[in-house]
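Residue numbers (our numbering), protein chains in the order written: chain A, 1 to 247; chain B, 1001 to 1335.
I should point out that these hints are in silico values taken from the structure, not numbers from a laboratory. Cβ coordinates follow ideal geometry from the N, Cα and C atoms, glycine included. Don't take every hint at face value.
[As the list claims (entries may be wrong)] Once the Cα atoms are required to be at most 27 Å apart in a straight line, the calculated DSS-like pairs of lysine-lysine come out as:
(1) B:Lys-1002 x A:Lys-171
(2) A:Lys-148 x A:Lys-239
(3) A:Lys-163 x B:Lys-1002
[Stated by the list, open to error] Partial list, derived from the structure: chain A residues whose beta carbon lies under 7 Å from chain B:
(4) Glu-125
(5) Arg-152
(6) Phe-155
(7) Val-159
(8) Ser-180
(9) Asp-182
(10) Leu-183
(11) Phe-242
Spelled out, the chains give:
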Amino acid sequence: MTSPGESFPLTRISVVAAARSQDATERSRALDALFAAYWKPIYKYLRLKYAQAPQDAQDITQGFFAELLERELLSRFDPAKSRLRTYLRVCADSFALNEIKAASRKKRGGEITHVALDFSGAEDELRAQTIDPAAIPSPESLEEFFEKEWIRSLFSSTVEELKSFCETRGKQQAFALFESYDLDGEENLSYSDLAVRNGLSVTDVNNHIAWARREFRRIAMDRLHALCGSEEEFSREAKTLFGESLK
Amino acid sequence: MKFLSDRALDRLRGSSVPDLSGTRYELRELVARGGMGVVYAAEDAKLNRRVALKILDAAGASEELTARLIREARILAQLEHPGIVPVHDVGTLPDGRVFYTMKFVEGLRLDKYLEQITSLPQRLRLFLRICDAVAFAHARGVLHRDLKPANVMVGSFGEVLVMDWGLAKILQESNPAESQETVFLPSNSASPGNKSTKSTVVTGHGTVLGTPGYMSPEQARGQVESISERSDIFSLGALLKFVTADDSPEKNQALPRPLRAICGKAMAERPDGRYANVNDLAADVSRFLDGLPISAYSENIFEKLGRFYQRHQVAILLITAYLVMRFLVLYFFHR
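Next comes chain A alone, as it looks inside the complex (with noise of 0.2 Å):
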């Protein structure tokens, strides 16, 4: 079984072309990878947008899945037409509403069952973010919101990463710190606060919170160019990860 957080982009080739291949091991692969990325931001985006029960959204977002997988539906994904993100997002819209009117919804899995899918952790996520769906109505909200959790969930997925990579490296002061101030987010906490509590200079946390952020940026990087259709949508998408913060 592969983790969500586990790492696809071994062979630095795209998760769409890789999920085309005739080798059923690379495609099983990237199929995990993908399910990994974008099966929270769909399961919480259908909660909200079509107001279906824990159980029931747990049922259409993997029954999503299988549909990808069966009808091969990501053969017939143009980069040159749209992201992968929102191709992803109007196919559920599609599912999702043929289930919902067929009521006829029934377990499905196949293939993707190699990824282990916490909804629960999932229904906590939501819970914590406080959300009303009143509140969202409009089409370009929910949107709004799918990209947000999709950034969500590649940002956890390379803050896994990251951590990993840093206890191989010997670097975990340095997590330590990237996590204190850039992840839990204390109000106020400042380089010195984090240099007094941990017996280093101010120059010292900026170092190793410096660096922790250049592997998150390059780790992240390098997820979002593994879930991207082309070049154009991975210069696209890195734009709209890190350059639309600048407002």
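Use these hints to put chain B onto chain A, whose structure you have.
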């Protein structure tokens, strides 16, 4: 897997940009990145105006560079002049990095601006405004030490601003760190005409001290004790050469000899061969503009006559026309 809050996402997405929370500023776009720091456009939420915010790069925010940035802000604060970008505020970010804000100059860098200006007198008048700002700084005991086209901005109303005082030196100030031997790092961008110059001279402590092509020989040799107003005058000479060099087809004639002489004197190898101060340099350029003799160049009789003609062209033509008419009248009257 760790759940990342919205705040954490924002921080991670902007991890390459400074976190301005807790300050009165909101970050906008990246404006410029230099050897020492980065300049961003920011919005002053209290005064509702756009400012430029200069901050050190995260990875390089050493104590030495922090001290240099604070020093730069303090020097700028002393130099209240229309030709020098005014500093507004100094502060510290949550990550401990020091920043300062200054006027956001909307305009063009000198090299870009000159692409629109082909008239030599206009270019020289622009150069004189740079001289005004540098002369003012010298009068306050401050040397710029990194004058080059990239450090001059021309605003949307034609105002000229001398920027980036990061390498400035206060003449009466003794700085032990700067008395270290300076090592020159060869650069491909060593020509004054090269528009993409970078400050590439460093001391043994990694302190940037000038830009090849615009930096005086004594700066390049690391003779810190010899650096004076005349070192900036060398840079102004290189800048004058750049300003008067015109690539446009209609202006491909050679630079007038007096102007070449001014550049030559400003850029003399030995400091005592240069102008004594910026005002003398500016005076020569002004006299050239007015068609007057300049101190840097001895004219021969023909050049004097040529200049006399240029300066009094209208009067000479009127007198000549009068004499011709008079001659014609007398000629026909006595026929």
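For each hint, the structure was consulted:
1. B:Lys-1002 x A:Lys-171: holds, 19 Å
2. A:Lys-148 x A:Lys-239: holds, 14 Å
3. A:Lys-163 x B:Lys-1002: The given pair, whose Cα atoms are some 11 Å apart, holds under the 27 Å limit.
4. Glu-125: holds, 5 Å
5. Arg-152: It holds, given that the least Cβ distance between Arg-152 (chain A) and chain B is near 6 Å, below 7 Å.
6. Phe-155: Cβ of Phe-155 (chain A) sits 5 Å from chain B, so the hint holds.
7. Val-159: holds, 6 Å
8. Ser-180: violated, 11 Å
9. Asp-182: holds, 5 Å
10. Leu-183: holds, 5 Å
11. Phe-242: holds, 6 Å
Of the numbered hints stated above, the single one contradicted by the structure is hint 8.
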